[in-house]
Amino acid sequence: MIAGKAAGAGRGRGLRRAPGRRALFLNAAGLILLSALPKSSVGAAVASIVDIGSWDLPRLAFTMADADTGRGVTARDFRGKVALLYFGYTNCPDVCPMTLHNIALTLGRLGARRDGVRALFVTVDPVRDTLAVLRAYTHLFAPEIVGLRGTANQLAALASRYHIGYSVSPATASHPYEVNHSSGIYVFDARGQARLLIPSLDSGTSDIAGTAAALARLLALPARQAAMPHHLS
Amino acid sequence: MTPAESVARPHAMADFAVPAVIVALGAIVDWASAAHPAAMPLWLPYDFSWFAWLGTWLFLWWYVRGFYLLPPSERPHPWQLVSFMLGMLLIYAVLQTRYLYLAEHEFFLNRIQHIAMHHLGPFLVALGLARAPLRKGIPAPLARIVFSRPMQRLLAPIQQPIVASLLFVGLVAFWLVPAIHLRAMVSERLLWTMNWTMVLDGLLFWCLVLDPRPFPLARIGYGVRAAMAFAVIFPQIAIGARIVFSRHDIYPYYSICGRFFDSISPLYDQLVGGMVIWIPPAMMSAIAVLLVVNHLRLHEEKAPPPLDPRAARIAAMAANWTGRP
Numbered sequence: 001m002i003a004g005k006a007a008g009a010g011r012g013r014g015l016r017r018a019p020g021r022r023a024l025f026l027n028a029a030g031l032i033l034l035s036a037l038p039k040s041s042v043g044a045a046v047a048s049i050v051d052i053g054s055w056d057l058p059r060l061a062f063t064m065a066d067a068d069t070g071r072g073v074t075a076r077d078f079r080g081k082v083a084l085l086y087f088g089y090t091n092c093p094d095v096c097p098m099t100l101h102n103i104a105l106t107l108g109r110l111g112a113r114r115d116g117v118r119a120l121f122v123t124v125d126p127v128r129d130t131l132a133v134l135r136a137y138t139h140l141f142a143p144e145i146v147g148l149r150g151t152a153n154q155l156a157a158l159a160s161r162y163h164i165g166y167s168v169s170p171a172t173a174s175h176p177y178e179v180n181h182s183s184g185i186y187v188f189d190a191r192g193q194a195r196l197l198i199p200s201l202d203s204g205t206s207d208i209a210g211t212a213a214a215l216a217r218l219l220a221l222p223a224r225q226a227a228m229p230h231h232l233s
Numbered sequence: 001m002t003p004a005e006s007v008a009r010p011h012a013m014a015d016f017a018v019p020a021v022i023v024a025l026g027a028i029v030d031w032a033s034a035a036h037p038a039a040m041p042l043w044l045p046y047d048f049s050w051f052a053w054l055g056t057w058l059f060l061w062w063y064v065r066g067f068y069l070l071p072p073s074e075r076p077h078p079w080q081l082v083s084f085m086l087g088m089l090l091i092y093a094v095l096q097t098r099y100l101y102l103a104e105h106e107f108f109l110n111r112i113q114h115i116a117m118h119h120l121g122p123f124l125v126a127l128g129l130a131r132a133p134l135r136k137g138i139p140a141p142l143a144r145i146v147f148s149r150p151m152q153r154l155l156a157p158i159q160q161p162i163v164a165s166l167l168f169v170g171l172v173a174f175w176l177v178p179a180i181h182l183r184a185m186v187s188e189r190l191l192w193t194m195n196w197t198m199v200l201d202g203l204l205f206w207c208l209v210l211d212p213r214p215f216p217l218a219r220i221g222y223g224v225r226a227a228m229a230f231a232v233i234f235p236q237i238a239i240g241a242r243i244v245f246s247r248h249d250i251y252p253y254y255s256i257c258g259r260f261f262d263s264i265s266p267l268y269d270q271l272v273g274g275m276v277i278w279i280p281p282a283m284m285s286a287i288a289v290l291l292v293v294n295h296l297r298l299h300e301e302k303a304p305p306p307l308d309p310r311a312a313r314i315a316a317m318a319a320n321w322t323g324r325p
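Residue numbers (this note's numbering), protein chains in the order written: chain A, 1 to 233; chain B, 1 to 325.
Calculated from the structure, these hints are not laboratory results. It should be emphasised that the depicted structure is a prediction, and the values quoted were computed from it without experimental measurement. Hints may be right or wrong, so weigh each one.
[Unchecked claim] Quick partial rundown of chain A residues pointing at chain B, CB under 7 Å, derived from the structure:
1. Val46
2. Asp77
3. Phe78
4. Gly165
5. Ser169
6. Pro170
7. Ser174
8. Ser183
[As the list claims (entries may be wrong)] Non-contacting residues of chain A with respect to chain B, defined by C-beta distances greater than 10 Å in every case (computed):
9. Asp94
10. Ala157
11. Ile164
12. Leu219
13. Pro222
[Unchecked claim] Ranges of calculated distance between the beta carbons of each label pair, as one might list FRET restraints:
14. Ala156(B) to Ser203(A): 48 to 58 Å
15. Val23(B) to Pro58(A): 18 to 28 Å
16. Ala35(B) to Pro97(A): 50 to 60 Å
Backbone N, C-alpha and C define an ideal beta-carbon position, used for all residues, glycine too.
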């Protein structure tokens, strides 16, 4: 009974408030929030290099087979080098060869400092990309490009660590062999900390000079500083 | 209190056994997803998180436990139990199964994930009237914290209607700001923050709007609840339309990290994603308004009989055209 009475009062109060005015206010506020979608970045392509040093990405970690030596390697073997991480496959008609070519051009601009860089080319098509195929392929571009081949689990672990998508659909009667992969390149500093994200390096107009300059800056970091979080360095 | 306790006794074994099984299964799935990610079944977590695992299964267990501990007259309807379970399983499906991978690699699938974890999932959970079963089902020491006064006071400001509505659409808009979206999708920690702020906000909002009780028991009156459900339609339409009609790829993340469907172009993916923000939330709001009106109707029909002796005759006459008994 008491609840009923109180409820009655509440109902009256609820209805007395003018929903119309409130709705209007809320919509205005919503539109103000909406304008937070900045005009400038809409339509403008993403920057050619994104600084992700402060984005809290996990350190580079993997276990795979190195195509050059045929032996197992881990991310630790690449500590001390600036590492580029890229996913592709050797039968790729356009994106992968163009990207690796641009990486080779970038390395060329670094001169003697290029030895401080390793580009890790991880195949998402390990069935067709044997270690021999992978080795022959990466050597077409530059000696600093390392072909990596993992088991299904090793590949899935590394890809999901950096939210990389890939898929391989074997050929059927009506469909050719199809491989899907990402375009982005993650760049890690000498301590394995993710520092840069290059959205793509797959066109004739890619920013080679800018990429080389960014890599040079990472190479110039003293080892101690490279270990520090971005905001402190 | 004593009848409930006597009911609780036979379940004493389950009180320890079920959570122990949940933790043990979690440990197995945790190990398997790290050691054999490629071999995980589609319906198991492929990116294991204890928070998500325990959050899903413990709350499901506590609800079911509380449901059967309540005297039958106080239990929610079995349909409400089903609704709660469906909502929880939907949130589990889009946040923990392999669907998470799809949502990370196609914009429109990402938007469907957000609808499921911010709208439909919490909506179904709210319809499950979890309050009474959880109060009964959560172990007493934990329940004392969850339902404590300071906790309620902590929630009060964000359950204020204007704040709750602003938070509801504000979070949708915030995580869709292109620069923030890119960062959230790339950074594991921010992705986790985005997903769980959406889930928790969805739960808070829909539990507030879909509360069937009248004002002093619920935080706000029926009219304000309907107004809230209605008001959030328009900003979401505006955000959806803004994305549908943009002629450029606003969200480059999906190209950078790989799209799931090669045959869908980035712009088409974006257009469909915009429609997902535009249409289903508006439909859900419309359903919510109807449910609020229905709650008001049910409440009024339960109102105590009037004291006026002539009331019955007046009501009988009125029933000819109102249709109410």
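Going down the list of hints, with the structure as the test:
1. Val46: holds, 4 Å
2. Asp77: Since chain B brings no Cβ nearer than about 21 Å to Asp77(A), farther than 7 Å, the hint is violated.
3. Phe78: violated, 21 Å
4. Gly165: Because about 3 Å separates Gly165(A) from the closest Cβ in chain B, which is inside the 7 Å limit, the hint holds.
5. Ser169: Violated. Min distance 9 Å.
6. Pro170: violated, 15 Å
7. Ser174: Violated. Min distance 14 Å.
8. Ser183: holds, 6 Å
9. Asp94: Asp94(A) clear of chain B: closest Cβ-Cβ about 13 Å, beyond 10 Å.
10. Ala157: Per Cβ check, Ala157(A) is inside 10 Å of chain B; nearest 5 Å; violated.
11. Ile164: violated, 5 Å
12. Leu219: holds, 23 Å
13. Pro222: Holds, since 26 Å exceeds 10 Å.
14. Ala156(B) to Ser203(A): 48 to 58 Å: With a Cβ separation near 55 Å, Ala156(B) and Ser203(A) satisfy 48 to 58 Å, so the hint holds.
15. Val23(B) to Pro58(A): 18 to 28 Å: holds, 25 Å
16. Ala35(B) to Pro97(A): 50 to 60 Å: violated, 34 Å
Violated hints, listed in ascending order, are 2, 3, 5, 6, 7, 10, 11 and 16; each of the other numbered hints is respected by the structure.
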